[in-house]
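For the sequence shown, counting from 1, position 244 maps to 244 in this note's numbering; every step adds exactly one.
It is worth saying that the hints were derived from the structure and are not from the lab.
It is possible that some hints are incorrect.
[Claimed, not checked] 20 Å max Cα-Cα, derived SDA-like pairs, lysine to any residue:
| hint | residue 1 | residue 2 |
| --- | --- | --- |
| 1 | Lys215 | Ser316 |
| 2 | Lys215 | Gly271 |
| 3 | Lys215 | Thr110 |
| 4 | Lys215 | Thr333 |
| 5 | Lys315 | Asp243 |
| 6 | Lys215 | Gly332 |
| 7 | Lys315 | Thr240 |
| 8 | Lys315 | Asp252 |
| 9 | Lys315 | Arg197 |
| 10 | Lys315 | Ala200 |
| 11 | Lys315 | Val201 |
| 12 | Lys215 | Ser101 |
| 13 | Lys215 | Pro266 |
| 14 | Lys315 | Thr219 |
| 15 | Lys215 | Pro242 |
| 16 | Lys215 | Glu54 |
| 17 | Lys215 | Asp243 |
| 18 | Lys315 | Cys280 |
| 19 | Lys215 | Val42 |
| 20 | Lys215 | Arg132 |
| 21 | Lys215 | Pro45 |
| 22 | Lys215 | Glu39 |
| 23 | Lys315 | Glu267 |
| 24 | Lys315 | Ala176 |
| 25 | Lys315 | Leu222 |
| 26 | Lys215 | Gln329 |
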Amino acid sequence: MSGILRTVRRLSVVALAGAALAACSSSGPAPAPSAALFEGAVTIPGRTLSAAEEDQLLVQRALRRIDPCAFVDLETVAAAIPATVGYGEDLTAGGCVYYGSTSLGVELTTAAGTSAARTFQAHGVTVSDGSRGTECAYTIDLGLAALPGAPTGPAAAHLLDRTELRVSTSGGLPCATTGQLADQAALTVSRGLPIRRGAAVDPLADRDPCAVLAKLPGTARLSLPTAPEAAADPHGCGITAPDVRVSLVGTDGPLWDGGHPANGSPEVVDGVTVDFTADCDVTVRTGPPVQRVPVRPGATDALLPQYPAVVVTGKSCADNKHVAAVAAQLFGTPH
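Please model the entire structure based on the sequences and the hints provided.
Set out below in structure tokens:
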């Protein structure tokens with residue numbers, strides 16, 4: 001999907017050389033179970049789901065329920081990184097991005113399976129030092145598999161065990177400063193994962209991309225991902241017959257302007273204007289731009305809005321366009 005998905009400078013909410021983060025740790029309240037994370041059944045109208053499919057949808061919904069911008073409070077970020085001008089959720093990265101000359105990102109990620117240089121405890125939570133060279137990066141164990149209602153199927157349980165919070169920085173921020181932010185993220189985790197309250201600012205952040213299955217022919221089925229990165233993507237869904245992948249994303253600007261598409265060629269499909277690349281990755285904007293949240297008066301002009309959109313990829317250009325049009329009508333008002 002090169003050329004479609006936006007590139008953002010992001011800083012994972014992890015940092016700090018091991019000793020520094022451990023030294024910042026202080027005793028806090030006992031970890032509180034986030035009981036609401038897996039609460040409620042998952043269904044797709046008109047479809048009978050297998051146990052493995054239910055588990056996959058439960059994991060993805062749980063990850064969408066976590067508020068990535070609530071692990072570190074804004075006052076702490078602004079004090080640690082005065083150049084921060086604003087922040088917002090990034091569906092492509094799967095986390096929260098803080099914008100400025102130095103970038104900070106807090107994102108949910110899947111462990112690569114490699115050993116970290118050092119693992120230690122902060123606020124009773126396991127933290128791993130994944131720093132390499134000039135990059136400060138830490139991951140924080142979320143303990144998802146141990147939460148009430150977590151699916152116990154082998155694939156889902158393994159995925160939950162490997163899903164972590166990653167905190168990293170770019171732009172030359174000292175690791176000690178990043179460590180203060182990572183320490184607060186670990187403290188938040190120890191008190192209970194932050195669950196969204198009310199509707200998300202980005203209208204696609206808490207939507208289930210697999211819901212489009214209910215609008216497709218009865219032969220269409222979920223395609224369970226084999227790659228951990230795809231399985232842990234709460235904003236993507238694989239489908240067979242037609243063989244496509246539907247992703248809910250944010251783009252940095254309009255897909256086309258004055259009839260000149262930024263990424264490919266616009267075309268009207270099923271009453272919806274779609275944009276597609278030479279490889280037939282299809283994109284449809286689903287609503288008006290979502291403004292980033294400024295941290296101080298006057299900072300709005302420095303922040304690019306995000307345009308919610310649906311991206312569909314697959315082998316058949318016709319299938320991609322049709323599914324994109326269906327998804328755009330389901331998830332918003334096509335723009």
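We went through each hint and held it up to the structure:
Restraint check: the Cα-Cα separation between Lys215 and Ser316 comes to about 18 Å, which is no more than 20 Å; the hinted pair holds. Distance check on the hinted pair: Lys215 and Gly271 sit about 16 Å apart at the alpha-carbon level, within 20 Å; holds. For the hint linking Lys215 to Thr110, the alpha-carbon distance of about 30 Å lies beyond 20 Å, and the restraint is violated. Proximity of Lys215 to Thr333 is assessed by CA-CA distance (about 16 Å); at most 20 Å being required, the pair is judged to hold.
A threshold of 20 Å between alpha carbons decides the hint, and for Lys315 with Asp243 the separation of about 7 Å falls inside it, so the pair holds. Distance hint between Lys215 and Gly332 is fulfilled; the C-alpha atoms sit about 14 Å from each other, no more than 20 Å. At most 20 Å may separate the alpha-carbon atoms for a hinted pair to count; Lys315 and Thr240 meet this at roughly 11 Å. Restraint check: the Cα-Cα separation between Lys315 and Asp252 comes to about 26 Å, which exceeds 20 Å; the hinted pair is violated.
With a CA separation close to 39 Å, the supplied pair Lys315 and Arg197 exceeds the 20 Å bound. At most 20 Å may separate the alpha-carbon atoms for a hinted pair to count; Lys315 and Ala200 exceed this at roughly 32 Å. Distance check on the hinted pair: Lys315 and Val201 sit about 33 Å apart at the alpha-carbon level, beyond 20 Å; violated. Between Lys215 and Ser101 the CA atoms are separated by roughly 44 Å; this puts the pair beyond 20 Å, and the hint is violated.
Of the pairs offered as hints, the one joining Lys215 and Pro266 is violated, with about 23 Å between alpha carbons and a cut-off of 20 Å exceeded. Restraint check for Lys315 and Thr219: the C-alpha separation of about 17 Å stays at or below 20 Å, so the hint holds. For the hint pairing Lys215 with Pro242, the CA-to-CA distance comes to about 12 Å; that is within 20 Å, so the pair holds. Taking the CA atoms of Lys215 and Glu54, the gap is about 18 Å. The hint holds against a cut of 20 Å.
With a CA separation close to 15 Å, the supplied pair Lys215 and Asp243 stays within the 20 Å bound. Of the pairs offered as hints, the one joining Lys315 and Cys280 holds, with about 8 Å between alpha carbons and a cut-off of 20 Å not exceeded. A threshold of 20 Å between alpha carbons decides the hint, and for Lys215 with Val42 the separation of about 17 Å falls inside it, so the pair holds. Of the supplied pair hints, the one linking Lys215 and Arg132 is violated, its CA atoms being roughly 45 Å apart against a limit of 20 Å.
Between Lys215 and Pro45 the CA atoms are separated by roughly 9 Å; this keeps the pair inside 20 Å, and the hint holds. For the suggested pair Lys215 and Glu39, the alpha carbons sit about 25 Å apart, so the restraint of at most 20 Å is broken. At most 20 Å may separate the alpha-carbon atoms for a hinted pair to count; Lys315 and Glu267 meet this at roughly 18 Å. Note on Lys315 and Ala176: the hinted pairing is violated, with a Cα-Cα distance of about 47 Å set against a maximum of 20 Å.
Among the hinted pairs, Lys315 with Leu222 is consistent with the structure: their alpha-carbon atoms are about 16 Å apart, no more than 20 Å. At roughly 10 Å between alpha-carbon atoms, Lys215 and Gln329 fall within 20 Å of each other, so this suggested pair holds.
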